[in-house]
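**Q** Take the given structure of chain A and dock chain B to it, following the hints.
Going down the list, the protein sequences come from chains A and B.
The first sequence runs 1 to 242 under this note's numbering.
The second sequence runs 1001 to 1195 under this note's numbering.
Hints listed in this document are in silico derivations from the structure and should not be mistaken for laboratory results.
Glycine included, C-beta positions come from ideal geometry on N, C-alpha and C.
Mixed in with the good hints, there may be bad ones.
Stated by the list, open to error - Listed below are the simulated DSBU-like cross-link pairs for lysine-lysine, each with C-alpha atoms no more than 30 Å apart in a straight line: (1) Lys1188(B) x Lys133(A); (2) Lys16(A) x Lys59(A); (3) Lys133(A) x Lys150(A); (4) Lys1193(B) x Lys1100(B); (5) Lys133(A) x Lys63(A); (6) Lys59(A) x Lys71(A); (7) Lys1025(B) x Lys1100(B); (8) Lys1025(B) x Lys1056(B); (9) Lys158(A) x Lys120(A); (10) Lys1136(B) x Lys1154(B); (11) Lys59(A) x Lys1188(B); (12) Lys1103(B) x Lys1193(B); (13) Lys230(A) x Lys59(A); (14) Lys57(A) x Lys1188(B); (15) Lys1193(B) x Lys133(A); (16) Lys230(A) x Lys71(A); (17) Lys133(A) x Lys1122(B); (18) Lys1122(B) x Lys120(A); (19) Lys1188(B) x Lys52(A); (20) Lys1188(B) x Lys63(A); (21) Lys71(A) x Lys55(A); (22) Lys71(A) x Lys57(A); (23) Lys52(A) x Lys133(A); (24) Lys133(A) x Lys1136(B); (25) Lys1154(B) x Lys133(A); (26) Lys1122(B) x Lys1136(B); (27) Lys133(A) x Lys60(A); (28) Lys150(A) x Lys1122(B); (29) Lys55(A) x Lys230(A); (30) Lys1188(B) x Lys1105(B); (31) Lys16(A) x Lys60(A); (32) Lys158(A) x Lys71(A); (33) Lys1193(B) x Lys1136(B).
Said to hold, decoys possible - Far from chain B by the CB rule (all over 10 Å, computed), these chain A residues: (34) Ser31; (35) Arg36; (36) Arg89; (37) Pro100; (38) Gly113; (39) Lys120; (40) Ser206.
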Amino acid sequence: MEVETSSSSTASLVDKAVVPGDIVLDLTSMSDQTIRLGAGLRQYSDVLSVVKAGKLKFKKPNKYWVESSQKRYAPSVEDTVLGIVVDARADNFLVDIKGPTLAFLPVLAFEGGTRRNIPKFEIGTLLYVRVVKANSCMNPELSCTDASGKAAEFGSLKEGYMFDTSTGLARMLLSSPTCPILEALGRKLSYEIAVGLNGRVWVNASSPSTVILVSNAIMRSEFLSDVQQKILVEKLMQRVQG
Amino acid sequence: MSAGEENIATPGEILGDSSQFIAGKGTYLAPNGRNIHASLTGQRRLVPPPPDSAEKRLTVEVVGHKTRGAVPEPGVVVIARVTRVMARMASADIMCVESKAVKEKFTGIIRQQDVRATEIDKVDMYQSFRPGDIVKAEVLSLGDARAYYLSTAKNELGVVSAQSIAGATMVPISWTDMQCPSTGQVEKRKVAKVL
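Next comes chain A alone, as it looks inside the complex (with noise of 0.2 Å):
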């Protein structure tokens, strides 16, 4: 069986779906050049190499790296996510935040937080929190205020309906201009939503059968065009007045 050399020179990656093994770029053929590498992808001496399957991606001037969609979130720092409350400790909550290990919220780390006024989270409170400090071997810490300190929308989400999705769902939900889905909805209902980069979205509205359309709305426009996605909504909104 022969093997193909793997110099793809005339064919670019960029936008395409790539699996791990697959070369980006050689190096040898360029020299002073500063590339910048994203997630999912390493050098290996002169060779650019994917390590994560997924999409490629490509900025002008010279970043590259590489867009997944998983079921299972790996913490990063400064991604919004949301967190389920698991246990309370002395000095910190342990919230559960879909990654391979708890994450520590500090007792602290709330807006004018002290020793005296210690939120009291139950077991099962839904949080709306920051990753502060996220690598492979601790566990990754959380902070319920922005970078400046103020509370900025983080801390307990009241009410509502919580549904889990991927993570490329979440990105596409959080993108900006917003994702056309929910620009539909948006027109037609009134509805409040906050998603988590860990991929758990919540959904509130004044009604129950508000909620439902909304998330199951939601769920099912992951692999939808945004024309597809609004040929979606409007079909749901002429099945609930119709």
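**A** Okay, now just chain B, sitting in the frame of chain A:
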């Protein structure tokens, strides 16, 4: 009873009679009060009685031929391998005491305030050690039941050898940085100033 060069005794072996010898280190008197048995494996040794005592009998001892493994004491410099890094401390397995390898496993803890001498409350454990690093540390105290307390708060203490994420042994650049030779990536550690 063996004589001459073959002075090795094994546990249980009868070394002599209690009328002729006194039981010394590594030996014991049998319940019947007559025989002296060895309790260790080692060299049989006879020690004459002190000159001004009324005792006429020699003391028979068995000296273990293996020296005991090294044990960490407060103040000695040890070489340890980091096993876990947590928010406020890192735990390490002590491998050598000064230059002797240990025979049994000892655990040490490097607390956040013992990592370096300056700005001890701003220490980030993850930027000082990673699991698998070899560190040179000084034993502060016997610590608690679980582990010795270690310190790297001197220039010559800290990470001696570490592997990068790519798997290559890193080269120290400064007292806070080490660089991987194959990818050029710089990683943060509390590096020991090895002369």
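**Q** Work down the list of hints and note, for each, if the structure agrees.
**A** Hint check results:
1. Only pairs whose Cα atoms come within 30 Å are accepted, and Lys1188(B) paired with Lys133(A) is accepted, the gap being roughly 15 Å.
2. Distance hint between Lys16(A) and Lys59(A) is fulfilled; the C-alpha atoms sit about 14 Å from each other, no more than 30 Å.
3. A distance of roughly 18 Å separates the Cα atoms of Lys133(A) and Lys150(A); the hinted pair therefore holds under the 30 Å criterion.
4. Taken as a hint, the Lys1193(B) and Lys1100(B) pair is honoured in the structure, with Cα atoms around 21 Å apart against an allowance of 30 Å.
5. In summary, the hint linking Lys133(A) to Lys63(A) is supported, as the alpha carbons are separated by about 24 Å, within the 30 Å threshold.
6. The straight-line distance between the Cα atoms of Lys59(A) and Lys71(A) is roughly 26 Å, inside the 30 Å bound, and the hint therefore holds.
7. This hinted pair checks out: Lys1025(B) and Lys1100(B) have alpha carbons roughly 26 Å apart, not beyond 30 Å.
8. With a C-alpha separation of about 18 Å, the suggested pair Lys1025(B) and Lys1056(B) falls inside the 30 Å cut-off, and the hint holds.
9. Distance check on the hinted pair: Lys158(A) and Lys120(A) sit about 14 Å apart at the alpha-carbon level, within 30 Å; holds.
10. At most 30 Å may separate the alpha-carbon atoms for a hinted pair to count; Lys1136(B) and Lys1154(B) meet this at roughly 10 Å.
11. This hinted pair checks out: Lys59(A) and Lys1188(B) have alpha carbons roughly 28 Å apart, not beyond 30 Å.
12. A threshold of 30 Å between alpha carbons decides the hint, and for Lys1103(B) with Lys1193(B) the separation of about 28 Å falls inside it, so the pair holds.
13. A threshold of 30 Å between alpha carbons decides the hint, and for Lys230(A) with Lys59(A) the separation of about 28 Å falls inside it, so the pair holds.
14. Pair hint Lys57(A) plus Lys1188(B) holds up; C-alpha atoms about 29 Å apart against a cutoff of 30 Å.
15. For the given pair, Lys1193(B) sits about 28 Å from Lys133(A) by alpha-carbon distance, which is consistent with the 30 Å threshold.
16. Distance check on the hinted pair: Lys230(A) and Lys71(A) sit about 25 Å apart at the alpha-carbon level, within 30 Å; holds.
17. Note on Lys133(A) and Lys1122(B): the hinted pairing holds, with a Cα-Cα distance of about 14 Å set against a maximum of 30 Å.
18. Distance restraint check for Lys1122(B) and Lys120(A): the Cα-Cα separation of roughly 28 Å lies within the 30 Å cut-off, and the hinted pair is therefore satisfied.
19. Under the criterion of a C-alpha separation no larger than 30 Å, the hint pairing Lys1188(B) with Lys52(A) is consistent with the structure, at around 25 Å.
20. Among the hinted pairs, Lys1188(B) with Lys63(A) is consistent with the structure: their alpha-carbon atoms are about 24 Å apart, no more than 30 Å.
21. For the hint pairing Lys71(A) with Lys55(A), the CA-to-CA distance comes to about 16 Å; that is within 30 Å, so the pair holds.
22. The hinted pair formed by Lys71(A) and Lys57(A) meets the criterion: a straight-line CA distance of about 20 Å does not exceed 30 Å.
23. Pair hint Lys52(A) plus Lys133(A) holds up; C-alpha atoms about 22 Å apart against a cutoff of 30 Å.
24. The suggested pairing of Lys133(A) with Lys1136(B) holds, with an alpha-carbon distance near 27 Å, which does not exceed 30 Å.
25. Restraint check for Lys1154(B) and Lys133(A): satisfied, since their Cα atoms lie roughly 27 Å apart, inside the 30 Å limit.
26. For the hint linking Lys1122(B) to Lys1136(B), the alpha-carbon distance of about 21 Å falls within 30 Å, and the restraint holds.
27. Restraint check for Lys133(A) and Lys60(A): satisfied, since their Cα atoms lie roughly 29 Å apart, inside the 30 Å limit.
28. Among the hinted pairs, Lys150(A) with Lys1122(B) is consistent with the structure: their alpha-carbon atoms are about 22 Å apart, no more than 30 Å.
29. With a CA separation close to 25 Å, the supplied pair Lys55(A) and Lys230(A) stays within the 30 Å bound.
30. About 28 Å separates the Cα atoms of Lys1188(B) and Lys1105(B), which keeps this hinted pair within 30 Å; it holds.
31. About 17 Å separates the Cα atoms of Lys16(A) and Lys60(A), which keeps this hinted pair within 30 Å; it holds.
32. A distance of roughly 24 Å separates the Cα atoms of Lys158(A) and Lys71(A); the hinted pair therefore holds under the 30 Å criterion.
33. Taken as a hint, the Lys1193(B) and Lys1136(B) pair is honoured in the structure, with Cα atoms around 10 Å apart against an allowance of 30 Å.
34. At roughly 14 Å from the closest C-beta of chain B, the C-beta of Ser31(A) stays outside 10 Å, upholding its exclusion from the interface.
35. No Cβ of chain B approaches the Cβ of Arg36(A) within 10 Å, the least distance being about 13 Å, so the stated non-interface status holds.
36. At roughly 12 Å, the least C-beta separation between Arg89(A) and chain B is larger than 10 Å, which holds for a residue marked as non-interface.
37. No beta-carbon of chain B is positioned within 10 Å of the beta-carbon of Pro100(A); the least distance is around 15 Å.
38. No beta-carbon of chain B is positioned within 10 Å of the beta-carbon of Gly113(A); the least distance is around 17 Å.
39. Against chain B, the non-interface label of Lys120(A) holds: every CB pair exceeds 10 Å, the least being about 23 Å.
40. No beta-carbon of chain B comes within 10 Å of the beta-carbon of Ser206(A); the shortest separation is about 42 Å.
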